[in-house]
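Protein chains: 2
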Amino acid sequence: MIKVIDGGVCAATGFTAGGIHCGIRKNRTKKDLALIVSEVPASAAAVYTTNLVKGAPLTVTKKHLANGVAQAVICNSGNANTCNADGIEVAENMSAAIAKALSFSADDIVVASTGVIGQPLNIQPIVDGIPALVDSLSANGSSAAAEGIMTTDTVEKSVAVEFTVGGKTCRIGGIAKGSGMIHPNMATMLVFITTDCAISPAMLQKALSGDIADTFNMVSVDGDTSTNDMVAVLANGLAGNAEITTEGEDFSTFMQALNTVTVGLCRLIAGDGEGATKLLECKVTGAADTATAKTVAKSVICSSLLKAAMFGADANWGRVLCAIGYSGAAVDVNKVDVSFCSAKGEIPVCVNGAGIPFSEEKAKEILLEKEIDILVELNSGSAAATAWGCDLTYDYVKINGDYRT
Amino acid sequence: MIKVIDGGVCAATGFTAGGIHCGIRKNRTKKDLALIVSEVPASAAAVYTTNLVKGAPLTVTKKHLANGVAQAVICNSGNANTCNADGIEVAENMSAAIAKALSFSADDIVVASTGVIGQPLNIQPIVDGIPALVDSLSANGSSAAAEGIMTTDTVEKSVAVEFTVGGKTCRIGGIAKGSGMIHPNMATMLVFITTDCAISPAMLQKALSGDIADTFNMVSVDGDTSTNDMVAVLANGLAGNAEITTEGEDFSTFMQALNTVTVGLCRLIAGDGEGATKLLECKVTGAADTATAKTVAKSVICSSLLKAAMFGADANWGRVLCAIGYSGAAVDVNKVDVSFCSAKGEIPVCVNGAGIPFSEEKAKEILLEKEIDILVELNSGSAAATAWGCDLTYDYVKINGDYRT
Numbered sequence: 003m004i005k006v007i008d009g010g011v012c013a014a015t016g017f018t019a020g021g022i023h024c025g026i027r028k029n030r031t032k033k034d035l036a037l038i039v040s041e042v043p044a045s046a047a048a049v050y051t052t053n054l055v056k057g058a059p060l061t062v063t064k065k066h067l068a069n070g071v072a073q074a075v076i077c078n079s080g081n082a083n084t085c086n087a088d089g090i091e092v093a094e095n096m097s098a099a100i101a102k103a104l105s106f107s108a109d110d111i112v113v114a115s116t117g118v119i120g121q122p123l124n125i126q127p128i129v130d131g132i133p134a135l136v137d138s139l140s141a142n143g144s145s146a147a148a149e150g151i152m153t154t155d156t157v158e159k160s161v162a163v164e165f166t167v168g169g170k171t172c173r174i175g176g177i178a179k180g181s182g183m184i185h186p187n188m189a190t191m192l193v194f195i196t197t198d199c200a201i202s203p204a205m206l207q208k209a210l211s212g213d214i215a216d217t218f219n220m221v222s223v224d225g226d227t228s229t230n231d232m233v234a235v236l237a238n239g240l241a242g243n244a245e246i247t248t249e250g251e252d253f254s255t256f257m258q259a260l261n262t263v264t265v266g267l268c269r270l271i272a273g274d275g276e277g278a279t280k281l282l283e284c285k286v287t288g289a290a291d292t293a294t295a296k297t298v299a300k301s302v303i304c305s306s307l308l309k310a311a312m313f314g315a316d317a318n319w320g321r322v323l324c325a326i327g328y329s330g331a332a333v334d335v336n337k338v339d340v341s342f343c344s345a346k347g348e349i350p351v352c353v354n355g356a357g358i359p360f361s362e363e364k365a366k367e368i369l370l371e372k373e374i375d376i377l378v379e380l381n382s383g384s385a386a387a388t389a390w391g392c393d394l395t396y397d398y399v400k401i402n403g404d405y406r407t
Numbered sequence: 003m004i005k006v007i008d009g010g011v012c013a014a015t016g017f018t019a020g021g022i023h024c025g026i027r028k029n030r031t032k033k034d035l036a037l038i039v040s041e042v043p044a045s046a047a048a049v050y051t052t053n054l055v056k057g058a059p060l061t062v063t064k065k066h067l068a069n070g071v072a073q074a075v076i077c078n079s080g081n082a083n084t085c086n087a088d089g090i091e092v093a094e095n096m097s098a099a100i101a102k103a104l105s106f107s108a109d110d111i112v113v114a115s116t117g118v119i120g121q122p123l124n125i126q127p128i129v130d131g132i133p134a135l136v137d138s139l140s141a142n143g144s145s146a147a148a149e150g151i152m153t154t155d156t157v158e159k160s161v162a163v164e165f166t167v168g169g170k171t172c173r174i175g176g177i178a179k180g181s182g183m184i185h186p187n188m189a190t191m192l193v194f195i196t197t198d199c200a201i202s203p204a205m206l207q208k209a210l211s212g213d214i215a216d217t218f219n220m221v222s223v224d225g226d227t228s229t230n231d232m233v234a235v236l237a238n239g240l241a242g243n244a245e246i247t248t249e250g251e252d253f254s255t256f257m258q259a260l261n262t263v264t265v266g267l268c269r270l271i272a273g274d275g276e277g278a279t280k281l282l283e284c285k286v287t288g289a290a291d292t293a294t295a296k297t298v299a300k301s302v303i304c305s306s307l308l309k310a311a312m313f314g315a316d317a318n319w320g321r322v323l324c325a326i327g328y329s330g331a332a333v334d335v336n337k338v339d340v341s342f343c344s345a346k347g348e349i350p351v352c353v354n355g356a357g358i359p360f361s362e363e364k365a366k367e368i369l370l371e372k373e374i375d376i377l378v379e380l381n382s383g384s385a386a387a388t389a390w391g392c393d394l395t396y397d398y399v400k401i402n403g404d405y406r407t
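Each protein sequence line maps, in turn, to chains A and B.
Here the first sequence stands for residues 3 to 407, numbered as in our numbering.
Here the second sequence stands for residues 3 to 407, numbered as in our numbering.
Because the hints were derived from the structure by calculation, they are not lab data.
Any given hint might turn out to be false.
Same chains, same label: a pair holds when it works inside one copy or across any pair of copies.
Claimed, not checked - Derived BS3-like pairs: lysine-lysine, alpha-carbon spacing no greater than 30 Å straight-line:
#1 LYS28 - LYS208
#2 LYS337 - LYS64
#3 LYS337 - LYS65
#4 LYS346 - LYS5
#5 LYS65 - LYS372
#6 LYS366 - LYS400
#7 LYS372 - LYS400
#8 LYS366 - LYS28
#9 LYS32 - LYS337
#10 LYS170 - LYS102
#11 LYS364 - LYS5
#12 LYS64 - LYS208
#13 LYS285 - LYS366
#14 LYS346 - LYS285
#15 LYS28 - LYS364
#16 LYS64 - LYS346
#17 LYS170 - LYS400
#18 LYS170 - LYS285
#19 LYS337 - LYS364
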């Protein structure tokens, strides 16, 4: 039984969070610094971008997590601290400053940054803001932290669940920053997840690495894999369950709970992609294998032409077929069925790779909804996959035509 | 000496062309049917999309060109004749109808279609229009044919050159249809090229296949590889040169002339991408090998974020670095230099993978031009490549948000 609850990254016992405006951003009403703290040292795991250009904070965090333990996450928005000559030094200083204020070891800090690439990050506003940041910590602080990591996001992204392991009630909660430059590969955007479930660092890493292949790596807003993608999980064990150290029933339960949180965050990230008006979910079924299903789902969700058609509520399914055809997956295109689906119903538009007559009026009604499923049946096996994306709109162009000003 | 001349697909001796509105499109002022005819049977070569979903006309053309000979090209716009149960039959009938009117063999016809996917193509307007289409043939008809194959293109795309082979003056001319769903792979959009140079079918195919790897396959408007991409070349030999049947000086000259035409068409296609306000040219130098240079150039030109920044004349070079980093090419990102360049000058913005101070005012002046070069020096070898693209604009979204209506 996995139950969705409130509380975000503070839902799990022993976690507090906070966020402030410290001055990295000019807009004083927008928080730009976030902090998440565990009462006790926690098992920690993370995955990072595969982009060869890596933000300096990722290098520093990777070093800090080498021992599988962390106790706090600090993250600024407004500047990615990437492609700067002094990036590593700044990220180290940022860690050291918050570690000192919390009386932690500097290598128990996860440090992250998001924002513009290639502009030196001035550490002074961060250092000056740390007392206020620590003051802002509270058991209700998930929302403030979520706001602190947002860039062009328009909504806070937070999901939490409750579940039982070894007779003990456990919780997992997460916050995310998404919006643009979203096409994760091995990791994603910024996602911070906390849990009070007791689990060893090795099993936590295994759970996370296994999960992201089906979740964050299946999200795309614009096909651009960021330099600063990171998902980090802290597990402080305060739920009191017997520590999960091997695969088995407890690990499976933990994986399911984690997946509920990550899928929820994926949907929030895709639905709030830069300029998006719609969440698109491409569900591929009947594939010969999972790799094929994933390749097809992701190709469909990444097609600029399909994304623009969805913005216009235009049932232009030829673009779905086209994206399947160039995906690189070995698909028998003459067996493909396509339907569009939303809260207003489902409409088949293509059977065996060819168009069938359908009501344009009904299709329009379905596609005017805010959440659209694109159902692709390959009729070639039993493997399935889902990918998440959003429509391509005027506002995506507007936001990215002059992001830096 | 390769000299650029007028005349498009009629520049070469013995070619006529024409175009009419036959009624596939509702808009009577837009031509929707084009014809190119050689006075005598010609060596013929073509390359096609690698999309697994292939337009029916491609299948028919491939069959017709099996013997390396063709004498005419017929192409409609407004409907791609793709993903239709009767597609092959319609394409065969279209070939047969024009062959009959011209007294040619049906298998000497190159047939092509472009437009919406998955709507049955009604052949009646085409059959009814054939007398007028044949009447429209003239030595000045390249422009009418170029108009007949346009979809959302805003300008006719035509390039022709004159050169000398074996003491004889030869000509190569081409027309193209580009705009959206442009991310060719092994072929491209629709391009028809004619030449009076005598060259065997095998060498013509070799020249074409060799050329497209550096030209049409390096163009991207939106990352969507079409189902109907095709480049076809007819060489009728009327220039009177000794037929090119092997590699050597004549073949090299022919390749250079062909490349001048194809690069010219690439630039026209990229600069007239759907909604585009700018032509982007990414020139990668200093690569360890050509494959690396191509991968990097194409990744940069395909980045939605960079494309939107170029629309906004925003020198957001971090997006160039980001796109290099996720390209999949093995690049030492700490050695990368980036400059932006246009008719207004050149401005270096990144050296050794890190930002350098630059005048935002000067950068803006450079980026407000209509043709922007993005210069990427990898400092790791001597290989180079160029890719062509365009900016991402409100109009791309507008055009594709409701293409079918």
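Taking each numbered hint in turn, which are not upheld by the structure, reported in ascending numerical order?
Result: hints 1, 5, 9, 10, 11, 16, 17 and 18 break, sorted rising.
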